[in-house]
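Participant: Here is what each chain is made of, one letter per residue.
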Amino acid sequence: MANEVILLDFWPSMFGMRTRIALREKGVEFEYREEDLRNKSPLLLQMNPIHKKIPVLIHNGKPVNESIIQVQYIDEVWSHKNPILPSDPYLRAQARFWADFIDKKLYDAQRKVWATKGEEQEAGKKDFIEILKTLESELGDKPYFSGDDFGYVDIALIGFYTWFPAYEKFANFSIESEVPKLIAWVKKCLQRESVAKSLPDPEKVTEFVSELRKKFVPE
Amino acid sequence: MAERSNSEEVKLLGMWASPFSRRIEIALTLKGVSYEFLEQDITNKSSLLLQLNPVHKMIPVLVHNGKPISESLVILEYIDETWRDNPILPQDPYERTMARFWSKFVDEQIYVTAMKVVGKTGKERDAVVEATRDLLMFLEKELVGKDFLGGKSLGFVDIVATLVAFWLMRTEEIVGVKVVPVEKFPEIHRWVKNLLGNDVIKKCIPPEDEHLKYIRARMEKLNIKSA
Chain A
1 MANEVILLDF
11 WPSMFGMRTR
21 IALREKGVEF
31 EYREEDLRNK
41 SPLLLQMNPI
51 HKKIPVLIHN
61 GKPVNESIIQ
71 VQYIDEVWSH
81 KNPILPSDPY
91 LRAQARFWAD
101 FIDKKLYDAQ
111 RKVWATKGEE
121 QEAGKKDFIE
131 ILKTLESELG
141 DKPYFSGDDF
151 GYVDIALIGF
161 YTWFPAYEKF
171 ANFSIESEVP
181 KLIAWVKKCL
191 QRESVAKSLP
201 DPEKVTEFVS
211 ELRKKFVPE
Chain B
1 MAERSNSEEV
11 KLLGMWASPF
21 SRRIEIALTL
31 KGVSYEFLEQ
41 DITNKSSLLL
51 QLNPVHKMIP
61 VLVHNGKPIS
71 ESLVILEYID
81 ETWRDNPILP
91 QDPYERTMAR
101 FWSKFVDEQI
111 YVTAMKVVGK
121 TGKERDAVVE
131 ATRDLLMFLE
141 KELVGKDFLG
151 GKSLGFVDIV
161 ATLVAFWLMR
171 TEEIVGVKVV
181 PVEKFPEIHR
191 WVKNLLGNDV
201 IKKCIPPEDE
211 HLKYIRARME
221 KLNIKSA
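Each protein sequence line maps, in turn, to chains A and B.
Take the first sequence: its position 54, counted from the start at 1, is 54 in my numbering, and no numbers get skipped.
Take the second sequence: its position 125, counted from the start at 1, is 125 in my numbering, and no numbers get skipped.
Any given hint might turn out to be false.
[Unchecked claim] Pairs of lysine-lysine, BS3-like flavour, derived with a Cα cap of 30 Å:
no.: 1; chain 1: B; residue 1: Lys-116; chain 2: A; residue 2: Lys-105
no.: 2; chain 1: B; residue 1: Lys-146; chain 2: A; residue 2: Lys-52
no.: 3; chain 1: A; residue 1: Lys-26; chain 2: B; residue 2: Lys-104
no.: 4; chain 1: A; residue 1: Lys-215; chain 2: B; residue 2: Lys-123
no.: 5; chain 1: A; residue 1: Lys-62; chain 2: B; residue 2: Lys-104
no.: 6; chain 1: A; residue 1: Lys-104; chain 2: B; residue 2: Lys-193
no.: 7; chain 1: B; residue 1: Lys-57; chain 2: A; residue 2: Lys-112
no.: 8; chain 1: B; residue 1: Lys-120; chain 2: A; residue 2: Lys-52
no.: 9; chain 1: B; residue 1: Lys-104; chain 2: A; residue 2: Lys-126
no.: 10; chain 1: A; residue 1: Lys-112; chain 2: B; residue 2: Lys-104
no.: 11; chain 1: A; residue 1: Lys-52; chain 2: B; residue 2: Lys-104
no.: 12; chain 1: A; residue 1: Lys-53; chain 2: B; residue 2: Lys-184
no.: 13; chain 1: A; residue 1: Lys-62; chain 2: B; residue 2: Lys-184
no.: 14; chain 1: B; residue 1: Lys-104; chain 2: A; residue 2: Lys-104
no.: 15; chain 1: A; residue 1: Lys-133; chain 2: B; residue 2: Lys-67
no.: 16; chain 1: A; residue 1: Lys-53; chain 2: B; residue 2: Lys-141
These are computed hints drawn from the structure, not numbers from a lab.
Kindly produce the complete structure, drawing on both the sequences and the hints.
Facilitator: Right, dumping it as structure tokens:
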């Protein structure tokens, strides 16, 4: 069977970054297709008719939607190398729990940090820091979230790092001073080839967010 | 169904009228796992619940041999991986992926959208009903040619989507707003009949009369006009 793998993505998306990393962890060759989200391709609309969102993983013509579901799919289909989820059911449950936490809590919180101003932004910043501290606490003294090996929760979270300078710029704070251990973890992850190749330059992300912010916070 | 070893301790902190709690009971019962149910008063959370789920402080929490697992979809996967009799997720990776997708869809799209009807009237309410119906139509199409979302037997998505069959549809009965009319959603109604024919579902969903009373009381508290 010819393994045809296409990833419909958008370069600054922290969700797309997950799928890029997972594919590279498994050594899977894939065709990256950049989507213009203001002018979505017919393929995107066909492959994700419900959400119409990226990333979409297309494996031998069949779509897999939702980044965190894509990561699990990649882990199961290409199971021979670099396992992403632990094998123990309890540890797997913990990994799924924290990835779910990131999706439900961190994403919404970060949006308030860069897309609002004034009191709303201050409240958003406070929430965001609290969530990062919860994650830092979960990481503890482990090198990675599941222990010794880079895995599911690391993949779920690391892409947000590329947006950190934008948060710091627009909300005027230092993330490293709030969660130093988490930043040390970031640096360790960045040494991984799969991560380094999959994450965009944070400066470019900041430029992107600057433009985006103008739509939400007219100056 | 054979009972598990006596050394195994399975506790479920839940709430009798919660769809997220009941789905865990369905999975455990389907697997023949004995468990102790600990009813929680969600207006006055026990110190045990706060200890076991310090992040979200929500039910359900499954405690298996002293270890807590939270978030109903996470718990369901844990149950399926731990007790392998009567698998509820498909074996094929792609089919399994689709089951995860539809389950997330039920909880994060259908449920979240339908809940917005609370406190709304007139055109605003109509808009929420329309949005909910649009989402339900995807489920309707997914059901064509199947007895259950899991195919020929009860599966993961059926268990998750009892939320639609017995919470959403019972709530519309109380509120008097037709969200799932049979003429628009014949497959969903057929599916609900099939669910009601399943012994585990019948045993595990809240008794209808009590549940309707509970929903009515809750809706009145939220100032929703009853039909």
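Participant: Checking one constraint from the list: CA of Lys-53 (chain A) to CA of Lys-184 (chain B), max 30 Å. Satisfied?
Facilitator: holds (27 Å)
Participant: What's the verdict on Lys-120 (chain B) and Lys-52 (chain A), does the C-alpha distance respect the 30 Å limit or exceed it?
Facilitator: holds (28 Å)
Participant: Would the hint linking Lys-62 (chain A) and Lys-104 (chain B) be met if the CA-CA limit is 30 Å?
Facilitator: Within the cut-off at roughly 19 Å; holds.
Participant: Run the distance test for Lys-146 (chain B) versus Lys-52 (chain A): straight-line Cα separation, threshold 30 Å.
Facilitator: At roughly 26 Å apart (the allowed maximum being 30 Å), Lys-52 (chain A) and Lys-146 (chain B) satisfy the hint.
Participant: For the pair supplied as a hint, Lys-53 (chain A) and Lys-141 (chain B), is the alpha-carbon distance within the 30 Å limit?
Facilitator: With Cα atoms ~20 Å apart, Lys-53 (chain A) and Lys-141 (chain B) stay inside 30 Å; holds.
Participant: Is Lys-104 (chain A) close enough to Lys-193 (chain B), meaning Cα to Cα at most 30 Å?
Facilitator: With a Cα-Cα distance of about 33 Å, the restraint between Lys-104 (chain A) and Lys-193 (chain B) is violated, given a limit of 30 Å.
Participant: Against the 30 Å threshold, does the CA-CA distance of Lys-116 (chain B) and Lys-105 (chain A) hold or violate the hint?
Facilitator: holds (19 Å)
Participant: Within 30 Å, alpha carbon to alpha carbon, are Lys-26 (chain A) and Lys-104 (chain B)?
Facilitator: holds (25 Å)
Participant: Lys-62 (chain A) and Lys-184 (chain B) were given as a pair; does the straight-line alpha-carbon distance stay at or below 30 Å?
Facilitator: This hinted pair holds, its Cα atoms lying about 29 Å apart.
Participant: Under the criterion that the straight-line Cα-Cα distance not exceed 30 Å, is the pair Lys-104 (chain B), Lys-126 (chain A) satisfied?
Facilitator: holds (28 Å)
Participant: Within a Cα-Cα threshold of 30 Å, do Lys-57 (chain B) and Lys-112 (chain A) meet the stated pairing?
Facilitator: holds (23 Å)
Participant: Against the 30 Å threshold, does the CA-CA distance of Lys-133 (chain A) and Lys-67 (chain B) hold or violate the hint?
Facilitator: holds (23 Å)
The structure is inconsistent with hint 6 alone, although it conforms to all the rest.
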